[in-house]
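Number of protein chains: 4
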Amino acid sequence: MKRKIILLFFVFTGLFTGLIAQDGARRNFNIPDIPGYHTLKCDFHIHTVFSDGLVWPTLRVVEAWQEGLDVIAITDHIEYKPFKSDVNTDLNRPYQLAADKAEKLGILLIQGGEITRRMPPGHSNALFLDDVNRLDTAKWEDAFAEAKRQGAFIFWNHPGWKAQQPDTILWFDEHSGLLNQGMLHGIEIVNYKEYYPAAFAWALEKDLTLLGNSDIHGTIAQEYNLAQGEKRPMTIVFARERTVKGVKDALFEKRTVVYFDGDLYGREEWLKRLFAACTGQENNARASVNNRRSVFVTNYSGIDFHLVPGKEAQGYGLIYPLDLPAYSTIELSIKLNGDAAAVQGSIPLGFVVENAFIAPGKPLNTTIRF
Amino acid sequence: MKRKIILLFFVFTGLFTGLIAQDGARRNFNIPDIPGYHTLKCDFHIHTVFSDGLVWPTLRVVEAWQEGLDVIAITDHIEYKPFKSDVNTDLNRPYQLAADKAEKLGILLIQGGEITRRMPPGHSNALFLDDVNRLDTAKWEDAFAEAKRQGAFIFWNHPGWKAQQPDTILWFDEHSGLLNQGMLHGIEIVNYKEYYPAAFAWALEKDLTLLGNSDIHGTIAQEYNLAQGEKRPMTIVFARERTVKGVKDALFEKRTVVYFDGDLYGREEWLKRLFAACTGQENNARASVNNRRSVFVTNYSGIDFHLVPGKEAQGYGLIYPLDLPAYSTIELSIKLNGDAAAVQGSIPLGFVVENAFIAPGKPLNTTIRF
Amino acid sequence: MKRKIILLFFVFTGLFTGLIAQDGARRNFNIPDIPGYHTLKCDFHIHTVFSDGLVWPTLRVVEAWQEGLDVIAITDHIEYKPFKSDVNTDLNRPYQLAADKAEKLGILLIQGGEITRRMPPGHSNALFLDDVNRLDTAKWEDAFAEAKRQGAFIFWNHPGWKAQQPDTILWFDEHSGLLNQGMLHGIEIVNYKEYYPAAFAWALEKDLTLLGNSDIHGTIAQEYNLAQGEKRPMTIVFARERTVKGVKDALFEKRTVVYFDGDLYGREEWLKRLFAACTGQENNARASVNNRRSVFVTNYSGIDFHLVPGKEAQGYGLIYPLDLPAYSTIELSIKLNGDAAAVQGSIPLGFVVENAFIAPGKPLNTTIRF
Amino acid sequence: MKRKIILLFFVFTGLFTGLIAQDGARRNFNIPDIPGYHTLKCDFHIHTVFSDGLVWPTLRVVEAWQEGLDVIAITDHIEYKPFKSDVNTDLNRPYQLAADKAEKLGILLIQGGEITRRMPPGHSNALFLDDVNRLDTAKWEDAFAEAKRQGAFIFWNHPGWKAQQPDTILWFDEHSGLLNQGMLHGIEIVNYKEYYPAAFAWALEKDLTLLGNSDIHGTIAQEYNLAQGEKRPMTIVFARERTVKGVKDALFEKRTVVYFDGDLYGREEWLKRLFAACTGQENNARASVNNRRSVFVTNYSGIDFHLVPGKEAQGYGLIYPLDLPAYSTIELSIKLNGDAAAVQGSIPLGFVVENAFIAPGKPLNTTIRF
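Chains as they are written, first to last, in the working numbering: chain A, 191 to 560; chain B, 191 to 560; chain C, 191 to 560; chain D, 191 to 560.
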């Protein structure tokens with residue numbers, strides 16, 4: 191029997207007493223921890239009605255809880271508040287209003303703001319702020335300086351946004367200036383529905399932290415078909431502890447991978463460890479008979495992987511790309527002919543993880559042992 | 191290739207020029223017109239951050255556009271504004287803020303408010319108001335009187351809500367009083383995720399307009415799995431013209447049917463006409479051979495129907511319930527034996543429309559001619 | 191990027207060499223083991239082209255693998271073979287043809303057949319047969335006797351099927367006779383899309399094993415929307431070992447629960463243990479402040495549960511039914527007033543598990559400790 | 191209330207009488223007719239248990255009915271019958287067995303077979319055969335000659351299949367020979383899950399009919415997530431009449447477009463007409479105020495379209511790609527500045543239809559008038 195889902199209702203304390211709010215269900219989205227680190231799913235770029243977003247701060251926490259995130263930062267535009275005739279302009283309010291709900295649901299909440307300027311330097315997020323309002327300065331240079339004073343982690347948002355760079359994606363002198371002064375620590379290689387390969391290349395070249403965020407203004411459930419497994423872009427953070435400080439350290443130390451539209455982007459060292467934690471192989475002894483070897487490959491994670499057999503694997507008859515869906519197992523067999531049938535020990539065959547990138551256009555390699 | 195959907199983005203007029211907002215796609219949800227009337231999909235009970243809802247008024251219009259609705263009323267609590275320290279308390283603002291978006295997307299927007307009192311008389315919505323703020327009176331009787339002065343259509347909300355009637359669903363003298371004074375015109379038989387059979391019975395008995403509304407506080411896309419065909423509760427209105435006045439006349443004249451969780455509830459005269467407009471039958475001459483007669487039944491609407499063969503149809507071999515999904519065609523055959531094979535003309539067989547109710551527990555009957 | 195899924199392709203051994211078949215992915219459908227037993231998902235009623243099913247035996251194994259099942263029995267009609275002019279009539283062939291694929295994918299395959307007779311006694315499945323063909327006898331009594339000789343587990347199929355009992359659901363003397371002779375061990379309380387409460391009652395009364403099976407003739411993926419979480423009916427078996435013998439012992443010892451359309455049906459002792467294995471509770475210390483107590487309830491299984499607060503829980507403000515979806519966590523809070531706030535230790539509150547039945551119409555009770 | 195769907199059940203004529211089979215629902219998949227032609231959705235490459243497919247011929251008709259197709263050809267391998275020890279080897283049987291069901295459900299059924307040879311010339315389908323068995327010849331040349339004698343339409347299957355061309359996609363002299371002798375009329379540019387750009391180029395260059403087919407061996411519902419809108423590959427045929435002859439004429443006259451994984455491939459003349467029939471534009475007078483012009487664009491078809499604004503449209507502020515989902519409407523606005531605001535008449539702006547290709551890598555262009 192189909193049931194009605196009670197997602198959100200509200201305590202009418204003035205008029206009624208005793209009713210307790212529910213916040214829907216948190217659907218498990220497994221991205222496993224890696225040895226030595228907590229794997230945290232984060233979104234560091236989120237708006238509310240306190241700038242030009244369309245929802246109340248608490249809803250951002252509930253959305254994150256439901257989607258399986260661990261960490262969010264609310265980062266309203268500091269200089270752009272189109273609803274100011276109806277909504278409080280104090281930009282510390284979104285954090286204050288959402289803090290209790292975050293505590294209750296176990297979501298780590300980070301106070302931040304978006305420094306919203308013309309290009310250059312464009313838009314940048316400052317996280318871990320004490321007082322967002324103090325970044326509302328006349329000159330953009332002063333806003334960055336203030337953010338640095340507050341110990342913020344600062345990153346360049348949507349560097350390829352056509353509204354600011356219609357025909358180009360340029361790194362300006364202003365960005366080099368910020369970088370040199372320790373006022374630029376990361377860069378969004380993914381924002382909303384866009385991926386910027388040029389920004390990915392810059393990040394690797396200039397040693398910046400990789401970020402991918404939703405920049406959500408409307409609602410998550412309206413933009414992403416959660417029921418069919420779609421997710422917002424996420425920055426996956428490898429933190430030594432599950433605290434705001436753990437997240438901050440990880441960001442400054444560049445321990446991140448970006449998840450976007452089913453793809454992963456990251457430095458090879460982290461992507462390799464993440465893929466290893468997500469998957470497992472098991473020899474299928476029963477089916478490894480005669481001249482056949484059979485292996486079960488399991489994906490424990492909520493990420494669909496796509497494997498393309500390398501040249502050698504194709505030689506053994508694996509000619510098609512292979513889907514390894516989330517929370518699933520596949521069986522792979524190779525056929526040994528003549529001499530190969532006599533091979534002792536396992537046969538390692540190379541595969542390309544087609545949806546995990548260690549640099550623009552460069553996918554991760556992996557090995558399956560038959 | 192999968193594409194990224196651009197649902198909502200925003201004009202940064204202060205900082206950038208020329209960008210135009212998109213509002214996502216309006217997915218066709220066909221509930222056909224019936225002869226002489228426009229069939230309008232309406233939600234007359236909606237909250238925003240101006241009371242205890244969690245979204246901005248314009249988002250309510252975009253949600254309605256995307257889900258295929260024609261009419262919405264924003265009805266914030268008049269006496270209950272938990273966000274008042276951060277949000278304007280003028281209850282005419284939600285309508286004013288959303289009016290342009292509604293005009294642009296062709297959504298009819300109705301100004302209203304929710305008179306939010308203890309039971310009795312509980313909560314009631316007043317629609318077609320000129321000035322919502324004037325209903326913020328000390329005594330509830332004055333609020334209803336003011337609504338009547340403004341020519342409002344008034345209905346009792348969620349009469350079986352457990353927060354106000356934990357163990358009962360009672361009609362109070364106060365409701366009779368309102369009814370007698372022309373201050374109560376309709377009743378929600380469906381609210382949010384609940385259906386109240388008792389209210390359906392009252393409506394038929396006391397001649398009240400039937401309503402079913404979402405009472406949405408959070409977001410539609412979070413509560414209803416739109417991608418899988420789920421919808422919010424709707425009041426289906428049969429209007430002589432596609433205008434706010436057309437809607438008002440229809441409500442006062444009780445031309446409504448309620449759609450909720452795949453079921454329809456309504457007076458028989460309207461439900462019959464609606465079902466007739468949604469479906470069609472066609473003799474399948476090619477397959478009507480020998481002692482077999484075959485019919486194609488098509489559902490042109492976005493509503494799934496469920497048909498249960500009557501006793502006579504079962505005698506012809508139709509022993510299972512039949513699904514007639516939205517936008518689909520099914521083929522039905524009966525087998526004629528002996529004398530029946532010689533029948534001239536078509537054979538009318540009765541079916542029960544299992545998900546359309548003309549009274550509590552009483553489904554609609556229909557006929558298919560073989 | 192969306193990828194093409196390679197589900198099934200085939201070795202053209204005559205014409206090409208080296209190509210190896212893939213069988214799609216097995217999506218994890220977690221129904222946890224209970225202490226002392228393996229929890230196995232089984233379908234004991236399946237047809238192929240060797241009687242009136244529409245698919246080849248190997249496809250039945252692949253379907254089971256993909257849907258997450260552990261055990262299937264192919265049970266073609268022994269006396270009804272409409273495709274006999276084109277297909278081999280040897281009813282041991284389906285098992286023989288599917289055995290290799292089952293071995294490879296780790297599916298336990300049981301040889302069986304459906305004794306297909308007029309009512310009484312109607313249709314019955316015999317499992318664990320050595321030679322199906324020998325049950326093709328003139329008199330139905332001989333078929334049962336032969337099944338018993340082969341040591342079969344025998345159960346009555348779809349006792350309420352309208353084709354055989356259009357207006358009734360009767361237990362005939364013939365069934366008592368079979369029961370008394372040890373030729374009737376179980377009964378389908380669920381078949382295909384139907385649930386028979388009367389059969390559930392008989393099973394409890396006459397001490398029969400509970401079964402629920404698909405009776406699939408077409409294809410699983412066509413009938414069940416797997417992508418949206420729908421599943422075929424299953425008999426959940428609690429086996430001491432993951433072998434055909436383990437399954438056989440469990441069936442004879444009545445260690446089963448039936449899963450159908452999101453609901454569970456079973457003897458209380460097994461249902462209680464299963465629900466306990468599927469769910470967990472954790473005190474939410476951070477949110478249990480002042481006069482509030484908060485608990486996280488997690489559903490580790492692939493079954494959606496629905497909890498209805500009991501009277502006492504409603505008194506603490508939990509007035510709505512609660513969804514506890516598969517692989518999800520919900521947060522529940524109660525509000526303590528006056529004396530209650532001073533309560534030492536946890537407060538146990540009763541809930542009804544609305545979709546788990548220990549007898550017809552009688553749901554399972556459970557307790558959550560706040 | 192959720193209902194059980196009755197998709198397939200079966201007439202037990204021997205044992206029971208009067209029961210009539212149902213075949214599930216045909217979900218509307220609208221691809222509109224174009225002026226002068228019926229637009230027919232076809233799959234010309236399908237297997238059954240009579241070669242190495244895994245389902246019975248009638249199920250192929252039911253699958254096509256449910257998915258909204260109009261025409262199918264059953265094309266079992268002529269020289270490859272792995273199930274021959276259990277299944278009749280007469281290759282005219284699949285057509286004979288499925289013909290009644292096709293008649294009943296209104297599906298046009300074409301008799302065919304797959305000439306299954308080593309490369310060159312590889313595999314080819316021959317449609318509109320009278321006697322499939324006569325193509326089972328020792329030499330492949332004789333099989334083609336026989337097909338021609340029977341008036342067949344012949345096309346090359348999966349020319350880029352890695353099992354036959356692991357590292358190459360070559361056009362052999364044998365293919366030129368067939369072409370010159372009038373024994374090769376078309377080519378699959380799409381087969382199963384693969385698209386072959388090289389074959390698309392050859393088809394345009396050598397004047398061959400474009401085909402895209404499923405080559406289904408398992409089941410459609412298992413391979414394509416129909417509930418989420420996925421579809422098998424289809425050859426869209428523009429026929430002067432809705433008959434087998436109409437289809438044959440259209441194929442010989444190259445009136446086809448290929449639909450695959452959400453993309454369209456075809457000659458520009460047909461693709462342009464198809465896109466025009468699928469979509470409509472309407473000026474939104476109410477929202478075209480001041481310096482803004484607004485247009486509603488509606489997609490009447492079941493195909494999702496993706497539009498990319500051209501340079502000029504970007505200059506008016508349309509910087510993002512636009513989704514125009516199936517059965518949906520979007521609103522598009524442009525902003526006029528200075529002189530532009532004074533423009534008389536409508537402003538035509540170019541867009542690229544990103545998922546419709548008139549040659550390999552070359553998308554269709556279209557115009558929207560603001």
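These are calculated hints, taken from the structure and not from any lab test.
There could be a bad hint or two in this list.
It does not matter which identical chain is meant; a pair holds if it fits inside one copy or across any two.
Derived lysine to any residue pairs resembling SDA-like cross-links, with alpha carbons at most 25 Å apart [said to hold, decoys possible]: (1) Lys271 x Ser366; (2) Lys383 x Asp451; (3) Lys271 x Gly372; (4) Lys438 x Ile297; (5) Lys552 x Glu293; (6) Lys552 x Gln371; (7) Lys383 x Lys552; (8) Lys396 x Asp494; (9) Lys329 x Asn527; (10) Lys525 x Gly350; (11) Lys525 x Asn218; (12) Lys383 x Ala289; (13) Lys338 x Asp357; (14) Lys352 x Asn555; (15) Lys352 x Asn220; (16) Lys462 x Met309; (17) Lys338 x Ile509; (18) Lys552 x Thr358; (19) Lys462 x Val533; (20) Lys383 x Leu554; (21) Lys352 x Gln534; (22) Lys274 x Ile509; (23) Lys271 x Gly436.
Now for the hints, and whether the structure bears them out:
Taking CA atoms no more than 25 Å apart as the test, Lys271 paired with Ser366 passes in neither setting, with 29 Å inside one copy and 48 Å between copies. Proximity of Lys383 to Asp451 under the C-alpha cut-off of 25 Å is found in both arrangements, the shortest distances being 8 Å within a copy and 21 Å between copies. For the identical chains of this complex, Lys271 and Gly372 are neighbours neither inside a copy (28 Å) nor across copies (44 Å), given an alpha-carbon limit of 25 Å. Proximity of Lys438 and Ile297 under a CA criterion of 25 Å is satisfied intra-copy only: 15 Å inside one chain copy versus 45 Å between copies.
For a Cα distance limit of 25 Å, the shortest separation of Lys552 from Glu293 qualifies neither inside one copy, at 40 Å, nor across copies, at 38 Å. Within a single copy, Lys552 and Gln371 get their C-alpha atoms no closer than 31 Å, and across copies no closer than 47 Å, so neither meets the 25 Å cut-off. Taking the shortest alpha-carbon separations for Lys383 and Lys552, both the intra-copy value of 21 Å and the inter-copy value of 24 Å come in at or below 25 Å. For a Cα distance limit of 25 Å, the shortest separation of Lys396 from Asp494 qualifies neither inside one copy, at 30 Å, nor across copies, at 40 Å.
In the homo-oligomer, the alpha carbons of Lys329 and Asn527 never lie at most 25 Å apart, since the shortest distance is 72 Å inside one protomer and 29 Å across protomers. For the homomeric pair Lys525 and Gly350, the shortest alpha-carbon distance between copies (22 Å) is at most 25 Å, but the shortest distance inside one copy (48 Å) is not. Within a single copy, Lys525 and Asn218 get their C-alpha atoms no closer than 38 Å, and across copies no closer than 27 Å, so neither meets the 25 Å cut-off. Taking identical chains as interchangeable, the C-alpha atoms of Lys383 and Ala289 are never at most 25 Å apart, the minima being 28 Å within one chain and 29 Å between chains.
In this homomeric assembly, Lys338 and Asp357 never come within 25 Å of each other (Cα to Cα): the closest approach is 31 Å inside a single copy and 56 Å across copies. Taking the closest pair of Cα atoms, Lys352 and Asn555 come within 25 Å of each other only across two copies (22 Å); inside a single copy the shortest separation is 33 Å, beyond that limit. Proximity of Lys352 and Asn220 under a CA criterion of 25 Å is satisfied in neither setting, with 34 Å inside one chain copy and 35 Å between copies. Taking the closest pair of Cα atoms, Lys462 and Met309 never come within 25 Å of each other, the shortest separation being 36 Å inside a single copy and 40 Å across copies.
Proximity of Lys338 to Ile509 under the C-alpha cut-off of 25 Å is found in neither arrangement, the shortest distances being 53 Å within a copy and 33 Å between copies. In this assembly of identical chains, Lys552 and Thr358 lie within 25 Å of each other by CA distance both inside one copy and across copies; the values are 23 Å within and 23 Å between. Proximity of Lys462 and Val533 under a CA criterion of 25 Å is satisfied in neither setting, with 28 Å inside one chain copy and 51 Å between copies. Proximity of Lys383 and Leu554 under a CA criterion of 25 Å is satisfied in both settings, with 23 Å inside one chain copy and 23 Å between copies.
Taking identical chains as interchangeable, the C-alpha atoms of Lys352 and Gln534 are never at most 25 Å apart, the minima being 57 Å within one chain and 29 Å between chains. Taking CA atoms no more than 25 Å apart as the test, Lys274 paired with Ile509 passes in neither setting, with 60 Å inside one copy and 27 Å between copies. Neither within a single protomer nor between protomers do Lys271 and Gly436 lie at most 25 Å apart by alpha-carbon distance, with minima of 31 Å and 38 Å respectively.
Figure legend: structure checked against the earlier numbered hints; hints not met, in rising order: 1, 3, 5, 6, 8, 9, 11, 12, 13, 15, 16, 17, 19, 21, 22 and 23.
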